[in-house]
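Undergrad: Got chain A; can you put chain B on it based on the hints?
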Amino acid sequence: MRKYVIQRFLQLIPVLLGITFLSFAMMRIAGSDAITELYGNKGAVSQEIIDAKRAELGLDQPFLTQYISWLGGMLRGDMGTSYVSGKDVFGTFTSKLPATLLLTALSILMTVVISVPLGVLAAVNHDKLIDYILRFLSFIGNSLPNFFVALLLMQLLAIKLKWLPVIANGTTLKSAIMPTLTLAIAMSAKYMRQVRATVLEELNKDYVTGAQARGVRNRVILRRSVLKSSMLTIITLLALSIGSLLGGTAIIESIFMWDGVGKLAVDSITMRDYPLIQAYVVWMAIIYVLVNLFTDLLYHALDPRIRLGVSKE
Amino acid sequence: MSEPTVRIQKIKKDTVKTRLIVFGTLAAILLVCSVFCEYLTPYDPYLQDLSNAKTPPSAEHLFGTDRYGRDMLSRVIAGSRTSIYSTLLLVAIVTAFGTCVGVFCGWHGGWIDTVLMRISDMFLAFPGLVFALAVAGVLGGGLQNAIIALAAISWPKYARIARSQTLSQKETSWLKAAKLSGSGTWKMIFKHILPNIIGPILVTSMLDIGTMMMELAGLSFLGLGAKPPTAEWGSMMSDTRSLLATHPWVTLSPGFAIFISVMIFNLLGDTIRDYADPKNRMSC
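Chains as they are written, first to last, in the numbering used here: chain A, 1 to 313; chain B, 1001 to 1284.
Okay, chain A solo, but in the shape it has when bound (with noise of 0.2 Å):
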């Protein structure tokens, strides 16, 4: 187990290195643009002051150089100034991430007490009524764009109703609602799926079959037997969808003003503010390959087939 766990921090380099590389080729492809944004403006500027202004961010350097030094900086939690603002961007850019990671745990929390019960319920009902409609159900909300599912929303929940307010006030957990609850929707009906056909391919085990014979009750099953061994599977699906809910926030984070690294993110591309952009693209990156990683290592610690395999070796 621990050789395993060396070797994948050892693979997370080669990827890390290349989801460094990446964004910086990308946001320094732009940064050229950044110059004529700056000074586009304001009429006729010197190419003196351009120059200045080029070596001042670096941008006269060679590439390479200005990747490494880039990637010092990274480390330190130094990932320059914003264009726009002119504030330190690792600042800006932490002050805002809790904001995110509350509403991301707050749609996963929500997403799993939808979802799994329902998938169970449609996995044990195979083919009945109650399966179909949970299925149509499923269906429906795959095909729901959740900037549509916001905006339905809040035409019913904040302007018919009135039980909400229409964009968020802080970060409160009462302007939490409606975010949460988009975001729970479009992932709830993907997992919805997932839940049921992993209950339904364990239910068809030949154990279980072996165990209905022997008289044991079909609720005793489930539950001491098909729900265990199902949840190792239900929990890594889980984990590996945060990556789509971590790109997802962005725009419903705007929609409902959340003040969120998502609705930073989407501000700084509509003001093209490269920094604040590459610290988001970077950053999310790292969190989701940590992400997975760990989902990674966590699948592997709570099998007992593999746990005890690789312990035998």
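One thing to keep in mind: the hints can contain errors.
[What the hints assert, rightly or not] Below 25 Å or equal to it, Euclidean Cα-Cα: the simulated SDA-like pairs (lysine to any residue) are: (1) B:Lys1157 to A:Lys174; (2) A:Lys174 to A:Gln194; (3) B:Lys1170 to B:Leu1180; (4) B:Lys1157 to A:Pro98; (5) A:Lys228 to A:Thr209; (6) A:Lys128 to B:Met1263; (7) A:Lys162 to A:Ile177; (8) A:Lys190 to B:Leu1180; (9) B:Lys1157 to B:Ala1092; (10) B:Lys1054 to B:Arg1160; (11) A:Lys162 to B:Pro1057; (12) A:Lys160 to B:Trp1174; (13) B:Lys1157 to A:Leu293; (14) A:Lys174 to A:Leu97; (15) A:Lys228 to A:Ile108; (16) B:Lys1227 to B:Ile1201; (17) B:Lys1157 to A:Leu16; (18) A:Lys190 to B:Met1263; (19) B:Lys1157 to A:Val291; (20) A:Lys87 to A:Pro98; (21) B:Lys1157 to A:Thr295; (22) A:Lys162 to B:Thr1055; (23) B:Lys1017 to A:Asp127; (24) B:Lys1191 to B:Thr1055.
[Claimed, not checked] DEER-style ranges, computed between Cβ atoms: (25) B:Val1022 to A:Lys3: 51 to 61 Å; (26) B:Leu1167 to A:Arg219: 40 to 50 Å; (27) A:Pro98 to B:Ser1164: 49 to 59 Å; (28) A:Met271 to B:Val1035: 30 to 40 Å; (29) B:Ala1245 to A:Gln7: 27 to 37 Å; (30) B:Ala1092 to A:Ala213: 24 to 34 Å; (31) B:Gln1048 to A:Lys128: 51 to 61 Å.
Note that these hints are calculated values from the structure, not bench results. Heads up, the beta-carbon is just placed ideally off N, CA and C, and yes, glycines get one too.
TA: Same frame as chain A, but now just chain B:
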């Protein structure tokens, strides 16, 4: 004993066929709509009529009018061209590019294969839309750039499928026979490998149409895709978002159009998958 099993299989196959015909027809109707949208719109989708602005849905204007008095039904129909065309274009680009890279990697092997596959790993390491947002941000808005952004994050999946399929085809006896009988590289790729691997790839791309349509509309909604006044469903929704409280039909009707199109393409994709795979046909 064997007879009932045969009968069940026949029934299942027939429902898949019926579904294929029904959803195929619906998708064809959508495509026809987008091709002939000029002739189907009751009003000019770009004609402004301020005296008639923000009217609720009526017999004259089924979906009402927006803040410039443009007929929403016409705009939704006109938007079908931009939205559906760009989605299909995106799927076609991603499928073609991914397949080329995958077949090349699988066929060639060696260090090029390793390098290209590591590059695809890099792209897969980014969480979904995050990278697309950044690409669209760097390139600036516009439908073309949104398509490039989404293509950049979607091709590795196709490359991987094509690569693994090519690798398994390379081991088949008929390919070895073709090689022994002196077929050239191109002949082997086009005559033996591509026809055998294209099935699963096309099924994947059919299943992806719905998702891609939503993602493209999402980018447009954020202002990173088609720009107003172009009629595109995502940008129409964001353009009219401020009217949601007072004139919900203006904002929501393009949303329903996206929803219905995505649903039709998803249903078609699922059906084609079931049709192509006998195992799924039985379990569904």
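Undergrad: Is it true that the CA of Lys160 (chain A) sits at most 25 Å from the CA of Trp1174 (chain B)?
TA: Cα-Cα ~66 Å, so violated.
Undergrad: Taking only the CA atoms, is the gap from Lys190 (chain A) to Met1263 (chain B) under or equal to 25 Å?
TA: holds, 14 Å
Undergrad: Quick one, are Lys1157 (chain B) and Val291 (chain A) close enough, alpha carbons at most 25 Å?
TA: holds, 20 Å
Undergrad: Taking the Cβ atom of Pro98 (chain A) and the Cβ atom of Ser1164 (chain B), is their distance within the range 49 to 59 Å?
TA: violated, 41 Å
Undergrad: Can you let me know if the beta-carbon spacing of Met271 (chain A) and Val1035 (chain B) is within 30 to 40 Å?
TA: This hint holds: roughly 38 Å between Cβ atoms.
Undergrad: Within a Cα-Cα threshold of 25 Å, do Lys162 (chain A) and Pro1057 (chain B) meet the stated pairing?
TA: Between Lys162 (chain A) and Pro1057 (chain B) the Cα gap is close to 23 Å, so the pair holds against 25 Å.
Undergrad: Checking one constraint from the list: CA of Lys162 (chain A) to CA of Ile177 (chain A), max 25 Å. Satisfied?
TA: Measuring from Cα to Cα gives roughly 13 Å; hence the hint holds.
Undergrad: Can the suggested window of 24 to 34 Å be confirmed for the beta-carbon pair Ala1092 (chain B) and Ala213 (chain A)?
TA: Once the Cβ atoms are compared, 53 Å apart, the range 24 to 34 Å for Ala213 (chain A) and Ala1092 (chain B) is violated.
Undergrad: Is the Cα-Cα distance between Lys1157 (chain B) and Lys174 (chain A) 25 Å or less?
TA: violated, 39 Å
Undergrad: Please verify whether Lys128 (chain A) and Met1263 (chain B) have alpha carbons no more than 25 Å apart.
TA: holds, 23 Å
Undergrad: Straight-line Cα separation of Lys87 (chain A) and Pro98 (chain A) no greater than 25 Å?
TA: Between Lys87 (chain A) and Pro98 (chain A) the Cα gap is close to 19 Å, so the pair holds against 25 Å.
Undergrad: Assess, step by step, whether the Cα of Lys174 (chain A) is no farther than 25 Å from the Cα of Gln194 (chain A), and give holds or violated.
TA: violated, 30 Å
Checked against the numbered hints given earlier, the structure breaks hints 1, 2, 4, 8, 10, 12, 16, 24, 27, 29, 30 and satisfies all the rest.
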